[in-house]
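**Student:** Construct the complete structure from the given sequences, taking the supplied hints into account.
Using mature numbering (1 follows the signal peptide of the UniProt record, and there is no 0), the letters of the sequence shown correspond one by one to residues -22 to -1, 1 to 98.
There could be a bad hint or two in this list.
[Claimed, not checked] With a straight-line cut-off of 16 Å between C-alpha atoms, the simulated EDC-like cross-links for lysine to aspartate or glutamate are:
hint: 1; residue 1: K2; residue 2: E58
hint: 2; residue 1: K85; residue 2: D32
hint: 3; residue 1: K42; residue 2: E58
hint: 4; residue 1: K40; residue 2: E60
hint: 5; residue 1: K85; residue 2: D39
hint: 6; residue 1: K85; residue 2: E34
hint: 7; residue 1: K2; residue 2: D13
Keep in mind the hints are simulated off the structure, nothing from the lab.
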Amino acid sequence: MMKIFNSLFVLLILALSGCTQWEKGGATQLDRERDSAECKAIGYERHSPDIVTDFEFSYQDKYKSCEKGKNGCDKGYRYEKEPEFKTVQKDRNASARNAVIDACMYKRGWHEQTHYWPPF
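**Tutor:** The following block contains the structure:
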C-alpha cells in the first residue's frame, strides 16, 4: 500500500511540474537569447557578484544501529540528533541583479510563461 501511495505522490509531483521561460510574440529563440544576454550583461554591470561565506548550524537525525532490547533500543536501530555545520556561499547581489534582468526583459516586450507537463 505504501508503494502505491509513493508512486501516486511522485506522479502527482511530475504532473504539476513545469518550466518557465521568456516569450514574446513573433520572436525567435535567437531573439530571446540575444535579449537575455544583453539584459544579463546590464544586470551584472549594475550588481556584480558579492560572494560571502557563512556558516549554518543545525541538528540532523543520524541512523545508528544498536542491539535490540538494550538501552532503549526497540528495533535494532535508532536515530540520534547530531550537530551539523555547513559552510555556504551566498551572493548578496543575486536578488537585485535578477530584478534588473527581469525588468530589462519586460521592458523589451518579453513575458514569462510557465509550461506544464503534461499540457492541460
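**Student:** For every hint, state whether the structure bears it out.
**Tutor:** Hints, one by one, checked against the model:
no. : hint       : verdict
1   : K2 to E58  : 53 Å, violated
2   : K85 to D32 : 35 Å, violated
3   : K42 to E58 : 7 Å, holds
4   : K40 to E60 : 7 Å, holds
5   : K85 to D39 : 48 Å, violated
6   : K85 to E34 : 38 Å, violated
7   : K2 to D13  : 11 Å, holds
Violated hints for the displayed structure, listed by number in ascending order: 1, 2, 5 and 6.
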